[in-house]
Structures are given as C-alpha cells and as structure tokens.
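S.K.: Now for the letters of each chain:
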Amino acid sequence: MAIGKDEVRHIAKLAHLEFSEDELGRFTQQFNSIVEYVARLNALDTADIQPTSHVDVGSHALRDDTLRPSMSREEALANAPESEHGLFKVPRVIG
Amino acid sequence: MSVAHGRTIGEIRSLVASGQVSAAEICGARLRRAREVEPRVKAFRTLLEDDALRQAEAVDRDRKEGRPLGPLAGVPIAVKDVLCTRGIPTTCGSRILKNFVPSYDATCVERLRRAGAVIVGKTNMDEFAMGSSTENSAYEKTCNPWALDRVPGGSSGGSAAAVAAGEVPAALGSDTGGSIRQPAAFCGVAGMKPTYGRVSRYGLVAFASSLDQVGPFGVTVEDVARVLQVIAGHDPCDSTSAPQPVPDYLKALGKDAAGLRIGVPAEYFREGLAPEVETAVQSSLTIAERLGARLEPISLPHTEYAIPTYYIIATAEASSNLARYDGVRYGHRAAGASQMETLYVRTRTEGFGPEVKRRIMLGTYVLSSGYYDAYYLKGQKVRTLIRRDFDLAFEKVDVIVTPTTPTPAFRFGDKVDDPLSMYLSDIFTVTINLAGLPGISIPCGLTRERLPVGLQVIGRPFDEETVLRLAAALEGALKFRDHRPPLDGTS
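Line order of the protein sequences matches chains A and B. For the first sequence, this note's numbering gives the first residue as 1, with consecutive numbering after it. For the second sequence, this note's numbering gives the first residue as 1, with consecutive numbering after it.
Think of the hints as simulated: they come from the structure by calculation, not from any bench. Any given hint might turn out to be false.
[Stated by the list, open to error] Computed from the model, here is a short list of chain B residues facing chain A with C-beta under 8 Å:
#1 100
#2 103
#3 239
#4 345
#5 384
#6 436
All of these numbers come straight from a predicted model, not from anything done at the bench. From the three backbone atoms N, C-alpha and C, an ideal C-beta is built for every residue, glycine too.
Make the full structure from the sequences, and use the hints.
M.R.: Written out as structure tokens, the structure reads:
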C-alpha cells in the first residue's frame with residue numbers, strides 16, 4: 001500500500017510541519033520504504049497478545065497533595081520568545 | 001592525560017581526597033586536554049572552563065576545611081546536551097533550542113553535583129537524540145577519536161568521544177534505542193543503559209518516554225559503576241522512577257565470573273554481522289568460559305521484529321513529546337507570524353532538522369485515525385512478545401552476551417541519506433529498551449584497521465550488579481585499556 005504525496009501532506013498538517021514540493025517528493029519515497037519495512041510486523045499473529053505501553057517498575061505515581069516550592073513566574077518566563085505582564089505573548093488566536 | 005592527574009575516577013578520587021593533587025589541578029589538566037583535542041574531535045557543545053574551575057576549587061576548599069567529600073569529589077564529568085543544566089545552555093543538538101537555558105538541573109545532574117563531581121561541559125548529540133552517528137546535530141560533526149574520518153556513533157556521540165579522547169574520565173548520556181551503548185562500542189569505552197526506572201528522567205528532554213533512560217560512560221566498568229551509584233535511585237519528580245533500593249555496585253565488581261550462566265542468542269550472530277566483530281565477541285566468550293562462566297545457547301525468536309517495533313513506538317512517543325516545541329514558552333519562534341497556526345508551523349519547520357521531521361511524521365502517521373490499530377497497537381503487542389523472549393531466556397541464564405553493533409564505526413556520510421540503513425545499526429541494542437532491561441557495552445577488541453569492537457552484556461530488570469560483575473571480569477581479562485586512540489600521533 002503506497003502512501004501518496006497528498007497523504008504525506010495531510011500528515012504534515014497534523015504534525016504542524018510544512019515541506020517544499022522537492023522535499024515532499026523525497027520524503028514520500030523515504031516514508032514509503034520505512035512504512036513498508038515496519039509493516040513486516042503483520043507477519044505475526046498477535047490476536048491474543050496484550051499490548052505493552054510501559055514497562056512496570058513498581059512505582060507509585062500518586063503522592064500527597066502538599067504545598068512545595070515551585071518555579072517562580074520569572075523563571076518560567078525566562079526562556080519565552082515574547083512575554084508581557086508576566087504572561088506568554090502569542091499572536092491573535094480568535095478572529 | 002598524565003598519570004599524575006589520574007585516569008580513572010577511583011584514581012582521581014583518592015588523589016583529591018589525600019590532597020596529593022588538587023581538584024583544580026585535575027580539572028585544569030582535563031581542560032588543557034580538551035583544548036588540545038577539541039579542534040579535531042568536537043565532542044563538546046559547551047565547555048565550561050571558568051565555571052568548572054570554580055566547582056573544583058569549591059571541592060578543594062571543602063577538603064582543606066575538613067568537610068566530608070562526596071564519592072565523585074573533584075571528578076570532571078561531561079553531560080550530554082539533552083540533560084537540563086541550570087543556567088547552562090541545553091540545545092539537544094537542535095536549532096529549535098538554540099537559546100534555551102534551563103532554570104533547573106536534571107535530577108541526575110543535581111546528584112552528580114551533590115557527589116562533588118565537576119561538570120565541565122555539555123556534549124554534542126544527534127538532534128533530540130534521534131540518530132546513530134551524531135551527524136544529525138544541527139551544530140557540528142563529532143569525530144571518532146580512533147579514526148577522525150569516522151562517526152563516533154550516536155546519539156550520545158559527544159559523550160563517548162569526550163571519554164575516549166581523555167577529555168573527561170566519565171560522562172552522562174541517554175539511551176532510547178542504543179544511544180549510549182552504540183557510541184561506547186564505536187569509541188572503545190564502557191557505556192551503560194540501566195534498567196528502565198533505575199535512574200530518574202526528570203530534566204532529561206523527552207524523546208520516547210517509555211524507552212528513554214540516562215546512563216554513564218567511563219573508561220572502566222568500575223567508573224561506570226561509580227557514576228551509576230550516584231545517579232541511581234527513586235526520585236519523586238519522576239513517577240516512572242523505581243522505588244527499589246540501590247545496591248552497592250562496587251561490591252558486585254569484587255566477584256568473579258565463576259558459575260555465571262551466560263545466554264548466547266543465535267539471532268545476534270547471523271548475517272550482517274561483520275566477521276571481525278563476530279571473532280572478537282566469540283573469543284571474549286571463550287575467555288568468559290575460562291573464567292568459569294557457562295555458555296548456554298538461547299533463542300530470542302522475535303529479534304527480527306525489534307527494529308520495526310521500535311520505530312513505531314519511539315516515533316509515536318516522539319511525535320507526541322515534540323509537540324511542545326511550538327514557539328510559545330521556550331526555544332525558537334518564527335518571525336512575523338500573525339496567527340497562531342502559522343506560528344506553530346513556521347517555528348517547527350524552521351527549527352527541526354530532517355531526521356526529527358521524518359520521525360515526527362512517522363509517529364503522527366502511526367497514531368493517526370485509521371492506522372492506530374494497524375501500527376501502534378500492533379507495535380505494542382509485538383513489544384510484549386519481545387519482552388517475553390527475554391523473560392523466558394532469563395529463566396535459564398543469568399546474563400546474555402551479544403555484539404553491541406553489527407559493524408565497527410562507519411564513515412561520515414555512509415548512512416546519512418538512507419534512514420533505514422542507519423536504523424539497522426541499532427539492531428542489537430533496541431531490544432533491551434523495548435524490554436526495559438539493563439545493558440552495558442564494553443570494548444572487547446580492535447579490528448585490523450584499529451577500530452574498537454563492543455560487546456554487550458544484558459541482565460534481568462534491576463540486576464545491574466550481575467551485568468557489571470561479568471563486564472568487569474571480562475574487562476580484566478581482555479586488557480583493552482592498553483590500547484589508546486591514535487590522537488597523539490602514537491597509534
């Protein structure tokens with residue numbers, strides 16, 4: 001099942017990426033060979049197999065909800081490309 | 001590196017503790033070494049000359065004033081540029097984080113500092129740890145100290161090269177599919193990926209969260225154990241770090257290999273394995289037998305499915321993790337975008353390199369509606385089969401030994417245009433990330449062209465002790481340390 005340029009363009013949109021026509025051609029080709037390669041998993045019957053999303057390390061993710069020191073607003077904003085009034089500044093979102 | 005300044009952590013630690021050599025002198029000697037070889041090796045992104053000396057002087061003050069010294073007091077250590085360091089740029093080898101300066105230390109970095117280590121700099125890497133040659137760094141190509149026209153491996157190529165070139169006795173890396181063990185093998189040093197959950201991932205910039213793990217590089221197995229001892233252990237800031245107690249790893253090194261049952265998986269000794277790599281690993285196995293270990297042929301039948309499984313799971317997790325780079329809170333922001341959507345797309349398109357884009361795309365694809373079951377769910381199920389292979393094998397054996405990589409270090413440009421062939425260089429290392437197991441690569445020989453060959457020891461979950469024990473026993477018998485990279489004109 002070959003993946004065409006249009007589908008690659010659609011995935012790029014989902015991933016918030018853009019490619020030139022040139023890149024898109026090369027990319028579609030590489031993409032197809034990788035997808036074809038990973039499709040070899042279909043040779044395995046996994047009907048009764050439980051998926052592994054994470055290896056269990058026996059940790060207890062829940063903790064008491066207690067007050068602790070955290071990053072200051074100033075530090076949190078220190079790497080912001082643009083900030084104003086102690087907030088991250090972004091272009092217009094609506095309208 | 002002059003013997004007077006110590007080559008290993010053990011030597012440095014005792015020189016500093018006894019006051020024979022100051023931490024500042026040791027740091028100065030390593031910085032001189034770095035200045036001498038960096039123009040050729042290019043292992044570092046950031047070298048902290050003044051700051052490192054200040055840290056070393058603080059250790060010397062502690063000693064003079066009789067304060068207790070930590071287990072790594074005065075030991076210069078390099079840190080892969082994927083680990084957050086307070087006030088020190090952390091680029092992940094990416095343009096998108098070019099000006100990123102974290103406001104906190106990763107837990108493992110904080111633990112190094114508390115142990116008295118001197119952080120001398122940040123090392124080069126494949127962008128976001130995606131790659132096997134460090135050629136995907138947006139900044140520079142790190143060269144293999146054994147052959148400057150060859151890659152150091154990746155993605156922690158800078159850390160491996162810095163240790164191999166004598167710039168530091170030890171370094172930290174991260175390993176998602178082999179990114180510590182493969183460059184360790186290519187550069188002729190020891191490098192360990194601990195069990196998933198053994199070392200905190202807090203402050204490690206995420207690539208694939210269910211596979212990533214931080215680990216040490218060293219000249220010797222003992223040095224790897226000394227660094228692991230400091231960075232291992234539960235961290236409340238990482239909910240996937242394990243609550244298990246941390247054993248005394250140095251004690252494990254005292255035991256020999258007698259009585260160990262070593263599994264040798266047939267699937268790791270098949271076509272594609274370079275004959276010189278096979279010979280070096282096989283003769284190491286013969287040595288292990290002489291040391292009293294028993295070899296058991298085993299089978300890990302799903303090995304051939306590991307790379308496709310890995311590339312589904314790792315890219316799916318990466319596409320989700322890397323969604324955070326959008327030009328809002330940190331990192332690069334594209335200029336002149338008047339709408340949010342445009343800002344996201346332009347920022348990411350300008351900021352990410354080709355391999356990162358490729359993986360984000362593949363990950364987005366396998367998670368997208370209509371393909372999720374066929375790829376992502378399928379990958380997770382095969383991951384279960386791969387884990388089961390190891391569970392069954394470890395019912396019969398204590399450790400597993402394999403080659404770390406199918407070939408020694410390749411030349412620049414050999415694989416960079418063919419993503420699949422680059423992916424296949426991780427074929428012997430990705431399995432243990434999928435299974436969450438600990439593994440170490442140690443140098444076990446040189447090819448005719450004097451390129452190092454790596455041998456991998458794999459253990460049961462949280463049994464780093466047995467892995468280190470066999471690795472140290474083999475290291476003692478193999479005497480690889482007598483070989484040095486030809487950087488000083490004396491090959």
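S.K.: Would you mind marking each hint as holding or not holding in the structure?
M.R.: Now for the hints, and whether the structure bears them out:
no.: 1; hint: 100; result: holds (6 Å)
no.: 2; hint: 103; result: holds (4 Å)
no.: 3; hint: 239; result: holds (4 Å)
no.: 4; hint: 345; result: holds (5 Å)
no.: 5; hint: 384; result: holds (5 Å)
no.: 6; hint: 436; result: holds (3 Å)
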